[in-house]
Amino acid sequence: MYQYDDFDRAFLDERNRQFRHQVERRVDGSLTEDEFRPLRLMNGVYLQLHAYMLRVAIPYGTLRSDQMRALADLAERWDRGYGHFTTRQNIQYNWPRLSDIPDMLDHLATVGLHAIQTSGNTIRNVTADHFAGAAADEIADPRPVAELLRQWSTDHPEFQFLPRKFKIAITGSPNDRAVTRSHDIGLRMIERDGEAGYEVLVGGGLGRTPLIGQVLRAFLPKADLLPYVEAILAAYNAAGRRDNKYKARLKITVLEGGLDAFRAAVEAEFPARRAAFTGVDQQLLADITTFFAPPAFRDADVGLLHTARAVDPVFRAWTDTNLHPHRRADHAIVTISLKAHGATPGDATAEQMRAMADLADEHGYGELRISHEQNVVLPHVPADALPALHRALKAHGLATANVGLASDIIACPGMDYCTLATARSIPVAQAIALALQEREAEVGQLKIKISGCINACGHHHVGHIGILGLDRAGVENYQITLGGDGTERAAVGERTGPGFPADRIVPAIERLIDAYLDLREGADEPFIDTYRRVGMDPFKAALYDHAEDTADAA
Amino acid sequence: MSRRSFAPKVVTANHLLDGDVVYLSATGEWVRDLARAELIEDEAHAQIRLLDAERQKNVVVGPYLADMAPTGDGPVPTHFREAFRASGPSNRPEHRRAPPAPATPDPIVAPRDTVRQQDRQTEGAL
Numbered sequence: 000m001y002q003y004d005d006f007d008r009a010f011l012d013e014r015n016r017q018f019r020h021q022v023e024r025r026v027d028g029s030l031t032e033d034e035f036r037p038l039r040l041m042n043g044v045y046l047q048l049h050a051y052m053l054r055v056a057i058p059y060g061t062l063r064s065d066q067m068r069a070l071a072d073l074a075e076r077w078d079r080g081y082g083h084f085t086t087r088q089n090i091q092y093n094w095p096r097l098s099d100i101p102d103m104l105d106h107l108a109t110v111g112l113h114a115i116q117t118s119g120n121t122i123r124n125v126t127a128d129h130f131a132g133a134a135a136d137e138i139a140d141p142r143p144v145a146e147l148l149r150q151w152s153t154d155h156p157e158f159q160f161l162p163r164k165f166k167i168a169i170t171g172s173p174n175d176r177a178v179t180r181s182h183d184i185g186l187r188m189i190e191r192d193g194e195a196g197y198e199v200l201v202g203g204g205l206g207r208t209p210l211i212g213q214v215l216r217a218f219l220p221k222a223d224l225l226p227y228v229e230a231i232l233a234a235y236n237a238a239g240r241r242d243n244k245y246k247a248r249l250k251i252t253v254l255e256g257g258l259d260a261f262r263a264a265v266e267a268e269f270p271a272r273r274a275a276f277t278g279v280d281q282q283l284l285a286d287i288t289t290f291f292a293p294p295a296f297r298d299a300d301v302g303l304l305h306t307a308r309a310v311d312p313v314f315r316a317w318t319d320t321n322l323h324p325h326r327r328a329d330h331a332i333v334t335i336s337l338k339a340h341g342a343t344p345g346d347a348t349a350e351q352m353r354a355m356a357d358l359a360d361e362h363g364y365g366e367l368r369i370s371h372e373q374n375v376v377l378p379h380v381p382a383d384a385l386p387a388l389h390r391a392l393k394a395h396g397l398a399t400a401n402v403g404l405a406s407d408i409i410a411c412p413g414m415d416y417c418t419l420a421t422a423r424s425i426p427v428a429q430a431i432a433l434a435l436q437e438r439e440a441e442v443g444q445l446k447i448k449i450s451g452c453i454n455a456c457g458h459h460h461v462g463h464i465g466i467l468g469l470d471r472a473g474v475e476n477y478q479i480t481l482g483g484d485g486t487e488r489a490a491v492g493e494r495t496g497p498g499f500p501a502d503r504i505v506p507a508i509e510r511l512i513d514a515y516l517d518l519r520e521g522a523d524e525p526f527i528d529t530y531r532r533v534g535m536d537p538f539k540a541a542l543y544d545h546a547e548d549t550a551d552a553a
Numbered sequence: 000m001s002r003r004s005f006a007p008k009v010v011t012a013n014h015l016l017d018g019d020v021v022y023l024s025a026t027g028e029w030v031r032d033l034a035r036a037e038l039i040e041d042e043a044h045a046q047i048r049l050l051d052a053e054r055q056k057n058v059v060v061g062p063y064l065a066d067m068a069p070t071g072d073g074p075v076p077t078h079f080r081e082a083f084r085a086s087g088p089s090n091r092p093e094h095r096r097a098p099p100a101p102a103t104p105d106p107i108v109a110p111r112d113t114v115r116q117q118d119r120q121t122e123g124a125l
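So the protein sequences, as listed, match chains A and B.
Numbering that gives the first Met the number 0 puts the first residue of the first sequence at 0, with every later residue one more than the last.
Numbering that gives the first Met the number 0 puts the first residue of the second sequence at 0, with every later residue one more than the last.
There's no promise every hint is true.
[What the hints assert, rightly or not] If you want a taste of the chain B side facing chain A, the calculated C-beta under 10 Å gives, among others:
1. 16
2. 84
3. 87
4. 109
Just so you know, the hints here were simulated from the structure itself, not pulled from any lab data.
Ideal placement from N, C-alpha and C gives every residue a C-beta, glycine not left out.
Assemble the whole structure, with the sequences as input and the hints as a guide.
Written as structure tokens, this is what we have:
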């Protein structure tokens with residue numbers, strides 16, 4: 000994995016020193032809140048409902064074990080003993096004191112982590128497939144490219160004051176696990192006639208205007224990536240609306256002006272940008288790539304895994320849901336669920352973070368990943384280490400066998416923490432997980448995603464079942480969408496109809512599940528396929544036959 | 000606006016140093032306990048108190064007037080957002096700063112929770 004060099008370290012130390020002085024000047028009154036706010040946001044510091052919140056970037060979701068331990072240190076020394084992994088492969092601390100944050104950032108710097116550009120109208124943490132570098136279905140590892148983009152975008156002078164925030168995601172697999180079509184720029188690593196390159200998507204996004212990204216360039220040669228991305232940013236920086244915050248994202252620029260006009264603007268910008276790059280970026284990429292060499296895989300005895308599966312049904316259930324095919328047949332990708340039934344999705348205690356770091360060292364070559372689905376991944380685990388790993392995870396409350404199932408719910412912090420929220424989302428996730436626990440194995444693959452406001456941090460638009468919490472005349476009300484999909488078959492979910500009050504949303508979801516079990520053609524037809532086959536009507540009937548359960552039509 | 004239609008208010012903000020939710024008391028102190036906040040029933044007085052708060056730029060961040068209802072135990076929120084601010088996150092009871100305020104929505108429960116908890120106890124006994 001990437002290791003900071005002297006330049007990186009010096010840059011980060013200087014940046015942290017500047018922020019320490021900015022905090023001091025805010026505290027002694029030299030800076031007003033209006034002056035300080037953009038400075039703290041550039042460094043990942045929000046003021047939330049009950050406290051400050053520090054959002055730390057986990058670049059492209061990749062962590063070394065020592066970095067995970069540092070995240071645990073922050074939770075323990077400066078927060079309340081836990082952290083919250085987010086839907087953009089970041090971690091948030093909910094209770095830091097303002098004056099402690101510079102110390103937290105210095106501690107992060109010792110392991111090459113930072114909170115730069117995790118907020119503000121800048122290029123945010125570049126996200127990637129959480130199985131990158133490990134998945135059997137991968138064409139190329141996207142992480143070196145993501146690191147190149149991180150270095151290029153960090154403190155890029157031209158793009159510090161964009162019309163609005165800007166999100167880039169990249170995948171090296173045809174099976175899109177990075178929700179690339181819901182990003183301002185989605186990059187898909189592809190090959191054409193033996194040549195490596197990218198399919199470039201633009202204008203995707205969730206929020207109040209959910210849009211699926213469109214193809215800006217069907218094939219971009221590998222060497223043109225940075226100048227082309229820079230041309231996109233430059234065109235957006237010039238054309239993006241600054242008069243209305245809600246129309247300022249690239250997706251609106253593309254929607255209002257049309258894809259062709261935006262493409263023309265990018266292509267007009269591109270030649271000069273291309274000429275300015277002398278090839279140093281490709282040299283840098285080559286250097287970065289050496290850091291992402293696969294670990295020295297040892298041979299593993301797959302027989303041991305089969306024996307353990309045969310004798311231990313709990314272990315077998317866990318391997319059925321929480322493993323994914325690795326590029327080596329004798330290894331597996333392990334997803335550690337942070338979705339224990341009834342727990343807060345994405346929360347991990349300092350003790351759990353340390354346990355995961357230790358287990359990564361013991362069984363997984365010291366590597367970890369954070370998924371946008373708010374779970375932790377051990378990307379490389381030898382098959383014969385799985386039983387021991389499972390036993391250890393159980394001891395730390397980390398062996399929940401529910402990855403991809405109904406209780407593996409994405410939820411934003413919602414009204415319990417967030418100033419933007421219009422309703423709670425975490426308690427809805429907790430209650431649904433408990434309600435569906437007993438039959439989720441029967442239900443099979445299902446993605447439920449919950450947002451506590453229209454900004455859609457919980458990705459509800461791309462949930463097979465999406466739930467959006469709103470404030471209707473001072474009362475929480477939950478709208479349901481169906482048929483959303485965040486993969487290569489990306490789709491925005493369709494609203495079922497009137498929303499449900501808080502005490503009726505869980506029974507409503509249970510009725511949807513009942514309907515699905517009746518409608519499906521067999522256990523191998525997942526919810527999303529049944530929905531695509533039968534459409535909205537039967538689900539609508541299941542929801543609204545109990546007319547007393549809905550609030551008045553909103 | 001007529002005086003009759005003015006909803007009672009408190010001045011609230013977040014503390015600059017720790018981000019805590021704070022309220023302005025009648026004696027001008029910033030207090031963490033909503034019960035000790037000054038309940039303001041006069042619109043002109045509310046504006047003056049808000050100006051007082053806004054001048055304290057190095058003590059609090061983002062002061063504003065929040066609607067409250069008067070009770071024998073002091074002001075209580077009329078909207079659930081203020082109820083969450085007053086009492087803390089509902090998902091982590093250990094981080095509550097006060098008992099749930101009256102406007103706090105009920106916990107969201109799985110309908111079959113009770114049954115399942117009995118099941119668990121049985122499993123534990125085995």
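Do the hints match the structure? See the list:
Given the 10 Å rule on beta carbons, the hint for residue 16 (chain B) holds: about 6 Å separates it from the nearest Cβ of chain A. With a least beta-carbon distance of about 6 Å to chain A, the hint placing residue 84 (chain B) at the interface is held under the 10 Å criterion. For the restraint placing residue 87 (chain B) at the interface with chain A, the shortest Cβ-Cβ distance is roughly 6 Å, inside the 10 Å limit, so the hint holds. Restraint check, residue 109 (chain B) versus chain A: the minimum CB separation of about 4 Å is within 10 Å; hint holds.
Consistency note: the structure conflicts with none of the earlier hints.
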